[in-house]
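There are 2 protein chains.
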Amino acid sequence: MNIAFIGLGIMGRPMALNLKKAGHTLFVYGRRPESVAPLADAGCTACASPAEAASQADVTIVIVSDTPDVETVLFGYDCVGDAARPGSVVVDMSTISPTATQAFAHKLEARGVDMLDAPVSGGEIGAVNATLSIMVGGKPAVFERVKPVFEAMGKNIVLVGDHGAGQVAKACNQIVVGVTIEAVAEALAFARKNGVDPARVRDALMGGFAGSRILEVHGKRMLDNDYTPGFKTKLHQKDINIVMETAKELGLALPGAALVMQHLNALMGTGGGELDSSAVMKIVERASGMERP
Amino acid sequence: MNIAFIGLGIMGRPMALNLKKAGHTLFVYGRRPESVAPLADAGCTACASPAEAASQADVTIVIVSDTPDVETVLFGYDCVGDAARPGSVVVDMSTISPTATQAFAHKLEARGVDMLDAPVSGGEIGAVNATLSIMVGGKPAVFERVKPVFEAMGKNIVLVGDHGAGQVAKACNQIVVGVTIEAVAEALAFARKNGVDPARVRDALMGGFAGSRILEVHGKRMLDNDYTPGFKTKLHQKDINIVMETAKELGLALPGAALVMQHLNALMGTGGGELDSSAVMKIVERASGMERP
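Same order as they appear, the protein sequences are chains E and H.
My numbering applies: residue 36 is where the first sequence begins, and numbers increase by one.
My numbering applies: residue 36 is where the second sequence begins, and numbers increase by one.
To be clear, the hints were calculated from the coordinates, so they are not data collected in a lab.
The structure displayed is predicted, hence computed values, not measured ones.
Careful: at least some of the hints might be erroneous.
Identical chains blur together in the list; that is why a pair holds if it fits in one copy or across any two.
The list that follows gives simulated cross-link-like pairs (lysine-lysine, DSBU-like), each with its CA atoms no further than 35 angstroms apart [said to hold, decoys possible]: (1) K174 / K255; (2) K267 / K283; (3) K190 / K174; (4) K55 / K283; (5) K283 / K56; (6) K255 / K190; (7) K255 / K273; (8) K182 / K55; (9) K283 / K269; (10) K55 / K190; (11) K190 / K283.
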């Protein structure tokens, strides 16, 4: 299949390479030459703009940072929206606003172009190993057409619902991950403040109802006081901000997610933006004077 | 072994029966005759007081409701503390205050009696099937002596640390379970308010970093709007109250656990005390006018 791939960052680069490996023809666009080079070396066609890439594609994949970036790629200068062929599909794999996603889908539809929102979870390792979870919103027939493309990049691929539903699922994922990190951080801080070894508490909790991937993976980072990412605080903050904005639009109170937002803000404000977001443990510890160096 | 068993409630009764089945000689005490009867039928000796039971035992197990109840059994009228033989072990399997536990252990030690705190998780089903998680605090040599007794009641048996460490681990367990329930409730409410099927979101999240026993088991209860316990709200409230009191004593801020305490309070105040504590979903829903009947 002819695939345009726009956005060659930490996630996009390995995802595009996996598509190339799966035998697809790739037209790639990235803002920085050093991101484009390894893909050109692998036989992809480097393009001068999103429009140039999209004009040659059956499927145009976009994976950039935030809602305004997607808007620029889709509807800005030299954009995908102007160039994509009628009958082709735009797949936005960025994590952005669910409501903006619906608006983008309807604008593309008016130009005869189908859209899927398909944000991912699983991080850089998932992108490299093609084991990403992919949460998809859009029409079932379009999903079926694009499914083989997804299968070259991920493992757990779920059509959640109509336009925006993929972004809603991703937002839910970020709520659960963020609030569960807070849960584990508070529990391990409680143990240490009581003079009990948090590592033994984690062992005791692992098999029971308190057991989770977060207790296992992020709990270990907290024990080791080593917040090498993983998933960076600045990105988790961006995602929870989408949750907060959407909750405000809808008139929905999410006090746990709001608390996590405040802890991510505090972490950003104290130089923690590049750390794994499980470093909210530092904020929990600092508040009660028990931060480790 | 000669075992005294004090407290024959929903948890204590099946635990005592499992000890009897394992070949131990049981001296049981419960406040209500209807709780004692099935154990007497099974060949246990019914006793008239905690003291009478403890006076004949190598190991005295206590599993009652709260800190004051344990204090009464151990040091009140006709109590275990007066009757337990020097060299015997008192095992408190109730969920109570870690700091009170340390005081109780030292008081018993002064009388030549060893103590272990050994609260459990796993609920009535775990008690019946002898698959409880048992979190133990106390001396390693005493733990080793009592271990075969634990093995007749549970599966995941961990010596966490010194006196009170079992209670600390249990408190950590209740923090993680409570805050993770909040995480899942907010995420599924966010999905529904966005018009997306929460069941599909749960499916999409299950395999990834958001995956947990809570998302699986309690998430299902939320989807079904069926809060048959499980673990009752009034007991989770009691346990998080222990966390809040201990955090106050220690000067430790736990904002996530505090939020869960407020939601459990609201649930108690609206007739939800007998529901599974995942019914905090009702409070999340009610706040934004989306409660289901």
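A quick look at each hint next to the structure:
1. K174 / K255: Answer is between: at 26 angstroms across copies they meet the 35 angstroms cutoff, but 40 angstroms inside does not.
2. K267 / K283: both (24 angstroms within a copy, 32 angstroms between copies)
3. K190 / K174: within (20 angstroms within a copy, 47 angstroms between copies)
4. K55 / K283: For K55 and K283, neither the intra-copy (41 angstroms) nor the inter-copy (58 angstroms) Cα distance is at most 35 angstroms.
5. K283 / K56: Answer is neither; intra-copy 43 angstroms and inter-copy 58 angstroms both fail.
6. K255 / K190: both (25 angstroms within a copy, 23 angstroms between copies)
7. K255 / K273: Both, since 24 angstroms and 29 angstroms are each at most 35 angstroms.
8. K182 / K55: within (16 angstroms within a copy, 58 angstroms between copies)
9. K283 / K269: For K283 and K269, both the intra-copy (21 angstroms) and inter-copy (32 angstroms) Cα distances are at most 35 angstroms.
10. K55 / K190: within (17 angstroms within a copy, 49 angstroms between copies)
11. K190 / K283: within (33 angstroms within a copy, 46 angstroms between copies)
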